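Trainee: Protein chains in written order, with the numbering used here: chain A, 18 to 516; chain B, 18 to 516; chain C, 18 to 516.
It should be emphasised that the hints constitute simulated quantities derived from the structure, not laboratory data. Wrong hints could be hidden among the right ones.
Claimed, not checked - If you only want the chain A side, here are some residues facing chain B, beta carbon under 7 Å, derived:
1) Ala304
2) Pro380
3) Ala384
4) Leu410
5) Glu441
6) Leu479
7) Ile485
Predicted, not measured: the structure shown is a model, and the values here were computed from it. Glycine included, every Cβ here is placed at the ideal spot set by N, Cα and C.
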Amino acid sequence: MTLPETVAAPTAPSFPASRAGTQPLRLHPERFFDADPAIRRVAVQLYEETAGLPIISPHGHVDPWLLATDDPFPEPTALLLTPDHYIFRMLYSQGLSMESLGIPTRDGTPVETDARVIWQRFAQHYHLFRGTPTGVWFDHELHELFGVRVKLTADTALTIYDQIAERLASPEYRPRALFDRFKIEVLATTDAASDTLEPHKIIRDSTWGGRVVPTFRPDAVLRIAQPGWRAALTSLEAVTGRTIGSYDEFISVLAERRRFFAAMGATATDHAVVEPLTRRCNGDEAAQLFERALNGEASDLDQRLFEAHMLMEMARLSTEDGLVMQLHPGAMRDHHTRVFERFGQDKGADIPVATEYTRNLQPLLNAYGAHPDFTLVLFTLDESTYARELAPLAGHYPALRLGPPWWFHDSIQGMRRFREQVTETAGIWNTTGFIDDTRAFCSIPARHDLARRMDANYLGGLVARHQIDLDDARVMAHALAYDLGRKAYRFDRPHTATH
Amino acid sequence: MTLPETVAAPTAPSFPASRAGTQPLRLHPERFFDADPAIRRVAVQLYEETAGLPIISPHGHVDPWLLATDDPFPEPTALLLTPDHYIFRMLYSQGLSMESLGIPTRDGTPVETDARVIWQRFAQHYHLFRGTPTGVWFDHELHELFGVRVKLTADTALTIYDQIAERLASPEYRPRALFDRFKIEVLATTDAASDTLEPHKIIRDSTWGGRVVPTFRPDAVLRIAQPGWRAALTSLEAVTGRTIGSYDEFISVLAERRRFFAAMGATATDHAVVEPLTRRCNGDEAAQLFERALNGEASDLDQRLFEAHMLMEMARLSTEDGLVMQLHPGAMRDHHTRVFERFGQDKGADIPVATEYTRNLQPLLNAYGAHPDFTLVLFTLDESTYARELAPLAGHYPALRLGPPWWFHDSIQGMRRFREQVTETAGIWNTTGFIDDTRAFCSIPARHDLARRMDANYLGGLVARHQIDLDDARVMAHALAYDLGRKAYRFDRPHTATH
Amino acid sequence: MTLPETVAAPTAPSFPASRAGTQPLRLHPERFFDADPAIRRVAVQLYEETAGLPIISPHGHVDPWLLATDDPFPEPTALLLTPDHYIFRMLYSQGLSMESLGIPTRDGTPVETDARVIWQRFAQHYHLFRGTPTGVWFDHELHELFGVRVKLTADTALTIYDQIAERLASPEYRPRALFDRFKIEVLATTDAASDTLEPHKIIRDSTWGGRVVPTFRPDAVLRIAQPGWRAALTSLEAVTGRTIGSYDEFISVLAERRRFFAAMGATATDHAVVEPLTRRCNGDEAAQLFERALNGEASDLDQRLFEAHMLMEMARLSTEDGLVMQLHPGAMRDHHTRVFERFGQDKGADIPVATEYTRNLQPLLNAYGAHPDFTLVLFTLDESTYARELAPLAGHYPALRLGPPWWFHDSIQGMRRFREQVTETAGIWNTTGFIDDTRAFCSIPARHDLARRMDANYLGGLVARHQIDLDDARVMAHALAYDLGRKAYRFDRPHTATH
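Only chain A is shown next, with the shape it has when bound in the complex (with noise of 0.2 Å):
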């Protein structure tokens, strides 16, 4: 092994270049866990009690027409690469164009179509991934899931191409007996509000067992100045069979949409905002917003507060029908504009900005923090929310439960931060547990044991320093792997819709 391309030939001393020829590839029973023997025994002994557990992922992105056909996954490359925009824009990053890597182009200008010259090029790169959570799973995905026994550098990419390709031809390899191995207890996947859910029906008429539920993700209808908004509002009244001439009549038409994702199994819905500004309008302030919006002329500051209405009736509609309410907020989606223009969104151009949830976040938790039947999980990518506001507001407000760290932080650093800077003020029962948040379904088994792993290091940290015991270690580890999630999101409820 030489030195990666991208660094020039040092004038300096030149460097011992590794070992040359094919490296093993391992994966050390003990990785994730701190080097300290005293922490790492305990969390090793917490880890083995909880990896085997079942999964509850109630959060992300798999295609639930995967599991509703399951039909066997294409080749590497389309099941692995091109759809991940954690590995395309590290890639990007370092100068290889999308183009090269295959992402199509929204205007059909021909890309790279030969899947093994681009998993050759993200082999050639993979260095870049030292350090990062991408390469854990990855390494994981590689070693637990297709076998692969020697590291991906230039040198092997062809060959364990090959190796994954001819896994992913077998029966054992589809979708929902992939789902079984996995032990997924249950799996919720994102949709819109539109959405006629058939995957879903599929799913629930199939003789298969797979528990797969809907969440209701409205996001696009309630952005009136967007471009897309009336193509998203028709898709609703097309979906219902209902026409949405008022507010009034588009507050009825979610809450009849929130029942059938309900009937369906959802136990969740999802709202992804810039702000999380929260603040209930005045008398038919909301009907006149709606109606500018009907009629072309929704202007910026009028999505801002038709936005911030929308989350307290939201919440309101939660309250009756028992719908857990995410919120993530402070993403400011398509930095990129060209990116944007050429490639379309979830193109790894999403950039976090700060983010204020004690003012914003007042109103919704004044009306609804308290309600017995209400539960709101709420996300950052604002790390210095977590001790600041996140976590005196979870360890005050009843219906307040956090969510896992999110996005570019569910990695090892993260998840270690998110503990050290949450429990102490909010406990561990204030938060919920793990979700992936992937669309990469290969990749959730990886994803939950890197997280378990770090939650069975932290409450080793916490035994080694004796701040509890190992008898509550062990309740702690079960809870967090768990138990946080599976009550959080109201799996553990009778499921009361009608099959």
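For chain A, the structure is supplied; the task is to place chains B and C on it using the hints.
Mentor: Chains B and C only, in chain A's frame:
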């Protein structure tokens, strides 16, 4: 022991329950130190040298009547639970009503009055405090103060209750006896500008030698737009026998009151604001603001400007009377309106907000930051300011000292973050040592013990990494535990007050 | 040794004084590495492989005349203390006057001139630097450069002074000899847009082979509302022999100057702003702003808009002339007006402010962030942006690289936080390696040594936790210590300048 009741029974392979029956409560002598033997060895040595030092408690909320009358403490629930918002906020956050915990309502609506029932409820949920400083402090009190040797659980709750109640009835558990046993060298209370300091007089006139000093906290008379302002001003007139008809009279009365506090042993003032804006009013702007306040016409903006001006004035008066100025910004008080309306202040619903210091404090620091007889002790609830603003400011201005991690942040990880983010820029000598800030008298030793352990551990890390040597570390440990607080709050100066 | 004088004598059981007399100064070979043996073992190995690599110093403030004339350094105080604001700000913060430390006044008011007296004062307060990077660097210089083997204290101060003075008189301690001994491969200075680069010419024309290159820093001519702007512009006219009567001429002159700097070896520009706003002016708005500036009528808002526009222009010119663009936002300069008025700039009173990057940089990154021949190196004084904004931006935009922790943050814990908060999202290959940013020439090896140790320690942690293997870590250590800086600042490219 079974899973806590807040966790639903899993469908996963059931969790192996902890051993049933009574579990021993042990405080490990090396608790809270890093697991690493090299760090722990030094930390233990440093801690052993500081553990027995007298306690300097320059800022807190203990009721001075406690030590004036020296009456026995009430039963355990009224002593340890109902006054402690750290405890009941967490129980409330997990769905226990304030009423069920015996928190009195403002309108007298009945709440739970059976102290044993409340204690039992707390014990059933004691697992919520695992990994929190409240849990650490409470175990310390149980073990060290009350001799409890079994873990607090639903099973052991009432036995422990009776054991504490029995102790509280004995003379050794009277407040003054505990004060002496705790080795408190000085305890500062927090007192309104209009306070008569009657209990402080009683203590000074008694034969008991404990040093209990007041702190001048004029917040109520500075918040000119608050409903309670007029009443606060009237109290100030009543206690001084003067009428306050103008801004000049107001300043004159405040200066008089400060001198009275100083004569009664006070060495400091204390100021809480949401935003630490400082700005001197021009011309007669301050007088006009005060006039509007007297007419009941002060707006929120008026108050903002008046508070900003009064911080300048308080600093100016400090340069005259030598009282150390403390500034605690960043808490949005009574975030949960319904809780405030029903139960009042200090119910665990004060939530921090992001705080700016660099620009806000510039006027005050430019005017008084290099004054030879001025000390400003600064606190924060926004940890992101430690390394960014506070340490650079304290590393320049001679008058500025940083108070220790405060409120939500005087925890194990919180204290670690403070030292790690402050020391490299400001050193330790620009910090003040620990304050406990507590109204829970019995928790004072637990809090100082934890702080001394964490400082010893921090220094142990510096020694183990060979940043400083052991000789240096010993001086620094002593300074952090004792010297710095004593000096910053001027308890080392001869007391000039008439007695 | 007794307690430092800033700590009052305790009434507590008196602290056992350290051993009296002279204490040895030792630099532990494994200093600053984690105490954990598994981490330290790897860290030591990685450090040993990078410790001897040449130093790349692409950003700093060493005076190039030093190396142009190669005159002997002055005595110790003038070399090591009075020019170093890291040192005297800390002494000032603890009550020592600037005058007593020999800091020259702007109006010539006399200050302490006895170098030995100043050195003695510093030594008496050297304990203030315990746990700070300044203390670490200074001990390194004393031990490694000057052969001091006793700790600096009041007792040893003058002996050490004499020892250093003696060394400075010898030819081996001339600047060029030290440059070679330090193994500096390239040293970049920082130079005003109007600089003649006379010392750089002298160095290039000399027989000495050291590579010293200028950096183009045009801040002074971009701050159109500052009192000194007109004079800065006049200097620019003088050095180019051109008149600058319009915005177009201004841009033309800047482009010419940039080409001159590049011809003299520069590979980079540098830009300091408070807020990193970027925004291209519309139409002739820039010309109008410039016109107002020429008329002495530019407002603060005008300057804000002009600077935002000029950052766009500087990026555009970089795509033409290939100079790497550095951006250092977030410092509020000269916070303490009295200190500025009496002693001038760079007196330890520059204080960071919270900084926003996501929205501010969007225009610049949209325009040039994917340009194949553009590199933007970004710095911050607001660590809360590492994980929230900077790492996500660098993990997407091909032109963006993150500079290392800077100023207050190039410390042991500061470097740890940087790697832990940046790497998981951006990897190491989107960072540039270390810059020392120093005007203290003799501290360059100490600063790079500390950085190499901290990077080795970070990688040691990854290996010990089995995130990467040792082969990976060795390549990464080499990259961080040498390759990344050399490549990001384009020192690996053939030098096209005429000589």
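Trainee: Take the hints in turn and mark each one as holding or not.
Mentor: Evaluated hints:
1. Ala304: violated (26 Å)
2. Pro380: Interface hint status for A:Pro380: violated (10 Å vs cutoff 7 Å).
3. Ala384: A:Ala384 check fails; min Cβ-Cβ to chain B is 9 Å, beyond 7 Å.
4. Leu410: holds (6 Å)
5. Glu441: holds (4 Å)
6. Leu479: holds (6 Å)
7. Ile485: holds (5 Å)
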